[in-house]
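Engineer: One line per chain: the protein sequences are A and B, in this order. With the working numbering applied, the first sequence has no gaps in its numbers, which climb one by one up to 1336 at the end. With the working numbering applied, the second sequence has no gaps in its numbers, which climb one by one up to 510 at the end.
The set of hints was computed from the structure by calculation and includes no laboratory data. All figures in this text were calculated on a predicted structure; none of them were measured in a lab. Fair warning: there could be bad hints in the mix.
Distance condition first, Cα-Cα at most 16 Å in a straight line; then the derived EDC-like pairs of lysine to aspartate or glutamate [what the hints assert, rightly or not]:
| id | chain 1 | residue 1 | chain 2 | residue 2 |
| --- | --- | --- | --- | --- |
| 1 | B | K49 | A | D914 |
| 2 | B | K144 | B | E67 |
| 3 | A | K843 | B | D54 |
| 4 | B | K198 | A | D1027 |
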Amino acid sequence: MKKIYLMAMMVAFSMLSTFAQVNPDKGTGFTLTGQVTDAKTNESLIGVSIRVQGTDKGTATDKNGKFSLGVNPGAVILVSYIGYQNQTVNVGDRKNLDIKLAESGKQLSEVTINVGYGTQKVKEVTGAVGSISAKQMDNHALGDVNSSLQGKIAGLQITSNSGEPGAGATVRIRGASSVNGSSQPLYIVDGVPINADTYGGGLVDDASTFSPLADLNPQDIESVEVLKDGTASIYGSRASNGVIIITTKSGKNSKKPEIQFSANGSIADITRKIGVLNAPQFRSAFIDAIYNFTGAQTTKVSVIDSLHPYYNKSNNWQDLMYRTAYQYKADVSVKGASKDNNMNYFVSAGYKDIDPIIINTKFKQAYGSAKVYYTVNKTISGNTNFNVSTNDYNRILSGLSNQSAIYQALSTMPVYSPYDPITGQLIPLLEGSKPNPIAISELAANKINRWRMFGNQDLRFKIMKGLEFKTTLGFDYSNTEETNFTPQTLLPQGQISSSYLTTGKNYSLINENTLNYRTTLSKDHNLTFLLGQSYQKFTDNTVNVIGRGLIDATITSINGTSVVSLYNQNIEEHSLLSYFARANYDYKGKYLFSAVMRADGSSRFGADNRFGYFPSFSAGWRLSEEDWFKKISFVSDAKIRGSYGVTGNQSIGNYAWQGSLTNVGTYLGNVAIVSNGVPNASLKWETTKQSNLGVDLSFLNDRIRFTADAYLKKTTGLLFDVAVPGTTGYSTVPANFGSLENKGLEFTLSTVNIDKEFKWNSTFTFSLNRNKVLSLPGNQDYRPNIYNMARVGEAAGVFYGLKAMGVYAYDTDNVYKRDAGGAVVPYRQGSANGSIYKGGDVIWEDVNGDGIINDSDLQVIGDPNPDFTGGFQNEFSYKNFTLSTLITYSFGNDVFNEVKRNLDATPYDQNFTTDQLRRWRKPGDVTDVPRLVKTDPMLNNAISSRFVEDGSFIRIQNVALNYRIPAKTLSRLKVNNATVGFSVVNLFTFGSYTGYDPEVSSSTNALAVGVDRGSFPRTRTYNLSLNFSL
Amino acid sequence: MLITLIFLSGCKKALEIDPTTSYSSSNFWTETPQATAALYGAYNLLQGAMAPESVLYGEGRADNVVINPLALSSQTLNLLTNNLNSSLPITNWSGIYQVVNQSNLILKNTREMKAKGLYLGKDAEYNSVRGQAFAIRAFCYFYMTRIWGKLPVVTEPFLDAKQNVSIARSDTAAVYAQIQSDLDSAALAPIPASYTTSSATRAQFTMGAVNALYTDFYMWRHQYENALVASQKILTNATYALASLYSASSTIDYNINPALIDNTAYAQMFTKGFSNESIFEIDYNFAERATRSFLITVYGDLGFQPFFKASGYLSSKFSSTDLRSKVNFDTNSGIVKFFEKSGFVRGTQDDKNIIVYRLADIMLLRAEALNKTGNIPGAMALLNQIRARAGATTYTEASYNGLTTDQIEDLILDERARELCYEGKRWFDLVRTGKAIKVMGPINGLSQTENFLWPLSLTEIRLNPLLDQNSYYQ
């Protein structure tokens, strides 16, 4: 056996060596040498492909732009390089050639992009696919995949959920077409569908989310494609929210090993602070609140005694909690290839060390990746790919709880001294009951430790000309351990200290087998077929332990607890079995057709509904290939595309259709089992039908490129855990309900504005999406939470509440009507027996005109969905300097400021927002802020338009200046390439939102978006970077 | 072709994945221990539904408590000031309906299991599980109808997501008929009179507990004769005896050593639970999965900011010899009835059982019934038994001679306040006896009988279009 293997290897090697040798046929061959340079700058170009026409022979230029290649006299060589015009050179008998390549965007239509299970040239694509290359990705090393895509692809809207390291994001491709928890796109990395569901911060749910995409080093990414329309049906059941295909870097076309280093150091600070009251303002407001409630002056010492040593401060706690932090990242990678490109590799490692802007927090992350491509023989080639990442995060809780450092930094009364004025010791509980935010950050322990590995092994077999079989085995594994600990010292009211531990092992294995056939019939008919099968199995294994009663803050783990109050292990599996086929046909590259069919079976559905079928059809017409069109010389390329496709979604509990009964603990020492899930045997796929019409145009030799798409997407059978009345004994049931629609327009305009020694490029993206709920069960309004709702005819997730019309200046202003006797009938709160609104109370719109302000007066008060979003990128270069800027924008979306509502309406003693400076204080005051009354008996702080703010913004997301050190200087140092850069990320945001940042969302769920619930504020960073390669 | 066949058969299996760490609806209800575990599940849900909601429902709107000024929770304030609205979390009945659904599941499935022969030779087990499930359901509906009046009567489990979820409210007559029928079924099963452990006899439904529920239910409906029959069965049941408090021979001066009251059987009825006086209580046990009744969030040392403190009105009603005031209050009007006066650890000992029915409660209900049926001496004898146990002077015949039935009822009601304060009884006592407006009107302006019922939760009304709001809150 071993022998056979050895022999096979030897055969393979001998074949390889013959393949690599210059073919010395006819004895007249000679070695051609030369150099390729940029026609304009005369800089040498590295990695330019040089091929002998009509043969397999080829090479690439080295670091000096030089090449050598064995040719025969009279040979013709093809010189090609991404971003440059191709050149064909008749060698004749010349032995040395100087080739000057002119830059051109034209060739971009020749660039191949990944469209799922294969690549296509841009010019052949018939679907709506957005694509960006590594070059266009953020220069900002501390970002992640999500942040580097923001604003760059029309139709892709990315909203970071917070400014926390590794934060989750709400990623929407052409609006929300699902309403369930994970209506995120499907992510494919190097062919493997990876887990991209955001995860929380542990068993203590503080509404923070983290993105598994942060496990991927953005430095390793070569290109990203976004499948936006129905042609995504090649990924069938998981593609209804679009597909994002990430391809990592490889060593392809490099020659001798090249080592690349990059280092980035940053200084980060908070972008803005929220206005809260200082001590005198606070005292006045608090005294009002108590007086208005009880009719008596407060006796609270901390408020009335401004000279008290413990209560004589005027702190803005945000100043004490946020810091200017130092962050850095270093990356190294090595790539190389054999001369003949039969073998190439790329390996990388990265390390990131971030001090988040909140004191006493730390984030560290390390990455590694390896990718090797090899050709075993003419028939067999393969690819091995491996990514690993780990991070360690010491964090604080965000959210609105009293253990949230973010919220306590706002709500803690300004009068307190954080340290005992006598002993100098930190006071954990201010006034014996309120956690000191500094103490929270020091004493509480909230940690995330995560390992992630994913990779794949594929083997390709060239069975015959044009026919290739590929088999892939891929895996995705993560292990996340999250702990939360709250010490006794931070707990008021004799609550007891707790330690929480959750470890989640999450893995999937996938096997895919595809057959690809490509052929050309009678020269003009190009045909491509794909036939495939895929099986992926997912396992989640979670262990949760909660312990109570730890004696101190020394041992913070489960080991320190006196009693374990919860322990469970939850193992869940699901699988997906798929068959798919695709056929592409084009005639002379002029008329393009593509048809896709995918059948997906999911274990998440009952036997009758297991399989779903997802077809799509698309066609394109390249007008520019028509003879009559070629006369229109200023148009260099023109294509019209259309597609229609069906995609699906299967995001529902793994066993949802089967119902569930779970051990919930014990009673009197006996096992207690409770039914906590209702079966639904008729649960089935959610389907999205999408039509797309697009046009790609290039003018003036590709100096202006324009892409426009219009789409209509309709989703039916929305898969969702539907809230049901409590009388059922459950809060939700899994079901397919309702339908919704997204329609919109997308434009991308890329221009080369100036193309001299000073060069200016820009790209402008614009997307407009309109979302509408088409039907709901019984067409009843559906309200999953107190802020958002789904109503037929409205956008998904609109805010719903009372509409404020101002504040009564006088008691007598409250007139609903006059009765027959002329006496005033006032508006009442809640019911006909309810309290009468007085001066200082909010004037609510009485929608039904019954004089009673209650649930029937609720109305749509805001829409979290933006009217339009996009970005504007500019790149200016002059000699060795490059200045790039990225501006992103979002218009027309509302944000519900729950942080403000909590600060101003809380029943607890705490600070208020600066809105209270405008509060109604005495009869006659005309203002929009009601009078402050402890406990808010008139519900002036109910969910209402008072807290809905315009979340529109224009953000200068990135400004980066790079200087490329001239080659002459470098060559002495034996360095190929070196760049130093300075950049500012999140430089400035224009917008009227009064919270930390308008780009905020506490949930990725389309029906719960746009609510600011105290997430980690966004960071501005100033970065200095150095990149060089050897 | 063959490959395709293998593939297809394989694929069917590849997509069949059953849960391994929980049960699904298809592999549960196949063995009798599962049904028993589901019954404990119902108790587990009851634990959650009542801690400490039973205090808010039973005391929050009544006169035994006032707000603790150090704690400003707007919900309790809304209750105390009689300013209820449908947004208050306490108006949501979902927790109790979870218990109802769990009981419905047990009742339906055990019947089917019996039909399949799974309970062959296990009649006692079958009767025990079903009897308790019936009793639990009766308790839930009785508890809820006193709060919300008309209720959606759900007696079949919710089995499939396709099932109709919106159920309208039935009038109280139908709710009462359901409670009556469930109690009858429990008694007929028959539900066991006791269990192997003494803690289970007190903390699971028994025949005694069913009779207590009967008594309470008949009293609520003013069916005094029925109440007398049911309560008599408890009084003659040797399982239940009054826990001692006052002893004539004792030389302890509780004014000097107030903490020694901890040693009395009466005080331990609340601090340790499972007393001989207890008929039904809900068990909480910190050592067992850290279950807590959260009584420290509503009662206790004022410095720890519980919602409530004792009302002066109530504390003034105790005579100086009445030892119950030593059990109930600390010197700052903190409510410490359920907590050890010395050595109470707030963190780990917040697992005091919630006492639902105890002998003194039933005796005083019986006194009320006797009074209403003209047997004043009988009523006063019971009243005096309760007073004597506490060291309070008993009423002499001369002191109550000539009092009207209504005046006697006031005496009994006062005694109930002293004996059962903070156990979640007072509001229901006031409503049952029709004295809520008389008592609460001067305190918080309660003036309309429609206001007795609580509002239905807005969340429920939104999710179920068939629900109508109670008239006062419309």
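Engineer: What hint numbers does the structure not satisfy?
Structural biologist: none
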